[in-house]
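Numbering follows our numbering, with no gaps: position 116 of the sequence shown is 116.
In case anyone wonders, no lab produced these hints; they're calculated from the structure.
Backbone N, C-alpha and C fix where the C-beta goes; we use that ideal spot for every residue, glycine too.
Any given hint could be a false lead.
Pairs of lysine-lysine, DSS-like flavour, derived with a Cα cap of 30 angstroms [stated by the list, open to error]:
{"id": "1", "residue 1": "62", "residue 2": "5"}
{"id": "2", "residue 1": "5", "residue 2": "175"}
{"id": "3", "residue 1": "5", "residue 2": "65"}
{"id": "4", "residue 1": "136", "residue 2": "175"}
With beta-carbon atoms standing in for the labels, derived distance ranges [claimed, not checked]:
{"id": "5", "residue 1": "36", "residue 2": "85", "range": "18 to 28 angstroms"}
{"id": "6", "residue 1": "196", "residue 2": "5", "range": "15 to 25 angstroms"}
{"id": "7", "residue 1": "123", "residue 2": "163", "range": "26 to 36 angstroms"}
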Amino acid sequence: DDWKKWLSVYPSAYRDTQKTSKFAKIINNAGYTILSDINLKGCNVAEIGPGGGYNFNYFKGKPAKYDVFDVCDDFFPELEQKASEIDLPITSHKIAAYKPNINLPDSSLDYIFGFYVIEHLHPLEQWMKEIFRVLKPNGQLIGAIPTEGSILWGLGRCVTSRKILKEKYGLDIRKIVCWEHPNMVDTILKTYGDFGNVQHKSWPISLLPLDCNLVVQ
């Protein structure tokens with residue numbers, strides 16, 4: 001019953017955490033800043049789990065082609081509206097959960113974005129294989145992940161999304177995390193390293209261990 005309830009409310013619940021929690025918004029924006037270092041002009045780009053296009057403000061240059069993939073199409077109207085406002089050519093694709101399938105040709109993308117989504121992907125190894133299938137030989141997977149499994153991330157959740165989900169939706173975030181975040185941060189980095197060269201930094205203090213950080217770019 002709790003899972004069914006979560007599926008019925010999670011688009012609005014996600015928006016609520018962004019609008020009502022300044023802390024959550026700061027964390028998300030910290031991940032998006034990596035885009036400011038990348039020139040997307042003329043590139044073929046795809047994004048998995050784009051949400052409402054919250055990273056558009058950080059784009060440097062305009063991609064020639066932008067494909068987005070999500071298991072939920074509730075965000076597509078908002079996303080497409082934002083894309084039209086900046087004249088970004090976008091194609092939205094609804095995909096099935098737990099079925100690694102990016103319906104694009106082999107070696108066709110310069111970049112794939114995955115912001116706060118890789119922790120959701122299952123089975124992770126098969127998804128990574130599919131991601132690197134559609135990337136060009138010199139292409140890159142760019143994104144940010146929460147330090148799921150770390151001490152600081154767990155404490156941060158207690159003062160942000162846990163309160164919102166409990167008070168407004170009557171949901172226990174501990175169950176949702178078990179369902180929705182099967183991949184811990186160390187597992188993600190290790191699996192990524194099995195397919196490509198990993199370059200990453202942690203936020204807010206990169207010199208400290210993952211347990212003392214909130215986001216990995």
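Hint check results:
1. 62 - 5: Cα-Cα ~38 angstroms, so violated.
2. 5 - 175: Between residue 5 and residue 175 the Cα gap is close to 12 angstroms, so the pair holds against 30 angstroms.
3. 5 - 65: This hinted pair is violated, its Cα atoms lying about 36 angstroms apart.
4. 136 - 175: violated (38 angstroms)
5. 36 - 85: 18 to 28 angstroms: Since residue 36 and residue 85 have Cβ atoms about 20 angstroms apart, the given range 18 to 28 angstroms holds.
6. 196 - 5: 15 to 25 angstroms: violated (38 angstroms)
7. 123 - 163: 26 to 36 angstroms: holds (32 angstroms)
This entry does not satisfy hints 1, 3, 4 and 6, going by the numbered hints stated previously.
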